[in-house]
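**Student:** This is what each chain is made of:
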Amino acid sequence: MNPTSHIPHPTSRVWKFPDNVNTDDILPGKYAPFMVGEDVFQNYAFAHLRPEFARQFRPGDLIVAGRNLGLGSSREYAPEALYKLGVRAIVARSYARIFYRNLVNLGIVPFVSEEVVEKAKDGDEVSYDVSTGVIELGGRIYRLQPPPAFLLAALEEGSLLAYFKKHGDFPGVE
Amino acid sequence: MTLAQAILSHKLGRRVQPGELVVVEVDHAMTIDSIVPTVIDRLEELGAAPRHPERVSLVYDHVAPASNVNVAEAQRRGREWARRSGVNFYEVGRGVCHQVLVEEGVARPGALIVGSDSHSTSYGAVGAFGTGMGATDIALAIASGKTWLRVPESVRVTFRGRPRPGVSAKDAALEMVGRLGSGGATYMAVEIHLQDGAERAFGRSERITLANLAMEAGAKAGIVAPSGEILELYEVPDWLRAGKDAVYVRELEIDLTTLTPRLAAPFYVDNVHSLGEYAGAAVDFVFVGTCTNGRIEDLRAAAEVLRGRRVAPGTRMLVVPASSQVLQQAMAEGVLQTLVEAGATIGTPGCGPCMGRHMGVAAAGERVVSTANRNFKGRMGSPQAEVYLTSPRTAARAAVLGRIPDEEEQE
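As given, the protein sequences belong to chains A and B, one line each in that order.
The numbering of the first sequence is this note's numbering, which starts it at 2 and goes up by one.
The numbering of the second sequence is this note's numbering, which starts it at 321 and goes up by one.
With the rest of the complex left out, here is chain B:
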């Protein structure tokens, strides 16, 4: 069986086959500030309360703090519902929902987690089956403790070796999305295997980046086979492994030892290129953060580039830690000091301007280098703005240079 089949078979107590529609108990359901009003509407329409409130989390991250009165009212309604219903509630500033669920231990190997955010695939970093859904699906999961799923076929992606210095999991993830294509894994699980050194090179943080971006190939889940740091951090059940009999729709091999820094150019995440093709283009705004790349490892990578340097005149830089824990650690390590001394500014832990709602949206004609996960037209504000997705290191280099860097350049 594949990892996806193993998890769903374990949940159902019988062997499942790809293509089957199953109704299955979920271990956790997650929703967020921007979606919770609709979830409450649906629950009210059903006349239902959470079946297992302790297995539900509400995280305020998408427009946090509130940017206008509509948002403030919607967030107040969500807070009142959370208090009334007894679900786990994470206030403004706690962090991006996916990072919070990993830090709180909700995401664990073999768990089935549904979230009202497409990047719920992130939980696959620790060997969970995480999948994104809309408000109605999440309301039904909260009301019933269950959801319906089509058992997915799987694509196997194997990363081999250790990446060269300056090449990160984000570069690996972009390479994967570029090769799979934006619809290359639709309805499927992307199962990621790290081998020949990759299992040590990529710890939990890097695996979140990989599982997170599997969504951008259309995946239902992105599951990284537990190895390396995951075996030290979690109890991994014996049954959670891909069998020799596992059948894959497609198998992809990526050699990390020869990989160079990547970027996704406008307006699709699978529009992946080497830096050289865009090097020299002036950059107005650099954003480091999000569920994809807002962890301490990412902030350290940016700080390493910025130490003793300045953000270029004419360029602005925003760093948004993925969670309050990341913020505290970055303070304790002096990473924040380095970033601020270099001229960057720091935002409230959460999603920041990723989806163009607040905290630094882009104007027409502006070029953004971002560590986030989407560069769709209009994603970060004006439809005439351009968003380039890169690693935190490449983003920091762009900030120092005021332009997209070349990979070979010594700045």
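Chain A with its partners taken away, still in its complex shape:
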């Protein structure tokens, strides 16, 4: 992978998405890396739903989504496209299960919050700290719950893959 570095900038913004955004929305099947090339597929993130996203998303921006984010296909290249564009955290009301696993495996922190999703509007200014779950939005501070310990152990090494590489096994198994 060739990730864009995560550097918050002073004008980080919210990208707000509705309920039930599926992985075909996040990366349509016809733009899969093995079809269009490993180096360019991320440029098609949200190609149908929000064609400007891939060009305009900047590291430090935050995706905020409704319920059941990432339902559908198991394609890991959907969240991998987001990772390559600089996404390191998402706040949603809930996640589809394969998408949630893929986020942890890649090193994107899947936060859950009804409150932040309720308050955040598309284009809102936002700042956040991935490691503490502290989000500043609309003049308010939100402290979000970190993921379960098993997954946190993985995320602390960067991703589940990085954890496995270092420890030769899954978290909790030594």
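In case anyone wonders, no lab produced these hints; they're calculated from the structure.
Keep in mind that the hints are not guaranteed to be accurate.
Claimed, not checked - Here are the in silico distance ranges between beta carbons for each label pair:
id	chain 1	residue 1	chain 2	residue 2	range
1	B	634	A	126	37 to 43 Å
2	B	563	A	173	24 to 30 Å
3	A	52	B	575	44 to 50 Å
4	A	130	B	332	23 to 29 Å
Unchecked claim - Taking lysine to aspartate or glutamate and the EDC-like style, the derived pairs with C-alpha atoms no more than 16 Å apart in a straight line are:
id	chain 1	residue 1	chain 2	residue 2
5	B	466	B	374
6	B	466	A	126
7	A	166	B	361
8	A	120	A	20
9	B	697	A	20
10	A	166	B	364
11	A	166	B	365
12	A	17	A	119
13	A	17	A	116
14	A	167	B	365
15	B	466	B	347
16	A	17	A	126
17	A	167	B	364
Predicted model, so just to flag it, every value in this text is computed and none were measured.
Ideal Cβ placement from N, Cα and C applies to all residues, glycine included.
Once you've looked at the hints, dock chain B against the given chain A.
**Tutor:** Just chain B, lined up with the frame of chain A:
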């Protein structure tokens, strides 16, 4: 215990509880042409080879044959890895991964199977715990022989009775997804019980359709309690049963005797309606195939409608058998002859145009009737195309009429 708990408890040698995170040995890990390049990347990053190559399968089905040079190169890389690592390899034309794993006997009652395709829930048709994952999870399963899972809560769905003529397992499955909702079983196992005649009406093929579509309610696994044909085809271990003490998050009953044909309208699979609500809408393209409905039973159902008739002018029809075995059987039975005489065309066994990559993608403004499992915006090509999901019989009727049929209509 539920069926999901029974399988995971058996694997771990202790009683597990819903909500627990467990690391468990898998019986088989499956990957496919579109995902294998990433799996190889991850294995190379780990410096790992398959721990049990005989318990790994690579199936070429998603863009098979290759549609462009990128795909051809990726597939060549996968073939070379398969040869080097000694995993089971199924070439272009062998069929859709899930159908192949059932035909090859990998899917069997009580097995834990992980696959880099969301419809890996299909293995639940024979009483296995099948679940879909991403490339990294599958690479870790291939490298270690294990995976991590959260022990799921379960939803119980009971189908009762025999469906009326012309009503199929696809209609039953769509009704189930419509009632559960697209997130209704997220993180959960959908446990399907067939009773009062349903256990005979639905054999292995029909159970694959049910377990396959459980995914569209967000399920981690869709497990059909072994009964009927499954008991004749497989040795079912004693421990593989739902106990009287099983706790379900939700219980749903579906009466098959009163069920009518269903369709899922754009752009979600839980947008389920009766045919009448959309009857008369012109149809450009009819697709019969996929892991959901590309088996011999499905092709026979389509052929029965098409026998002696023609696909309507202005409508095109593609049939893609789910596997090479299905293709051979359809040839032997004359089913292919009937389909081709009616004006349908036949594609290479595999996924076909299900995910809008090749073999018949849809243009803006086109309306598709498909027997597949997803109708998301842009799924089969243009985001301005519409996909309606139906049974093979309804799809064939749409082809003959050139429009979405009404259920009562005599054509």
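**Student:** Next step is simple, just say for each hint if it's right about the structure.
**Tutor:** Quick rundown of the hints versus the structure:
1. 634(B) <-> 126(A): 37 to 43 Å: With Cβ atoms ~53 Å apart, the hint is violated.
2. 563(B) <-> 173(A): 24 to 30 Å: holds (28 Å)
3. 52(A) <-> 575(B): 44 to 50 Å: Since the Cβ atoms of residue 52(A) and residue 575(B) sit about 45 Å apart, the hinted range of 44 to 50 Å holds.
4. 130(A) <-> 332(B): 23 to 29 Å: Check failed, 37 Å falls outside 23 to 29 Å.
5. 466(B) <-> 374(B): holds (14 Å)
6. 466(B) <-> 126(A): The hint is violated at about 43 Å.
7. 166(A) <-> 361(B): Holds. Residue 166(A) to residue 361(B) sits at ~13 Å (cutoff 16 Å).
8. 120(A) <-> 20(A): holds (15 Å)
9. 697(B) <-> 20(A): holds (14 Å)
10. 166(A) <-> 364(B): holds (11 Å)
11. 166(A) <-> 365(B): Cα-Cα ~8 Å, so holds.
12. 17(A) <-> 119(A): holds (10 Å)
13. 17(A) <-> 116(A): Holds, at about 14 Å.
14. 167(A) <-> 365(B): The hint holds at about 11 Å.
15. 466(B) <-> 347(B): The hint holds at about 9 Å.
16. 17(A) <-> 126(A): holds (12 Å)
17. 167(A) <-> 364(B): Measuring from Cα to Cα gives roughly 14 Å; hence the hint holds.
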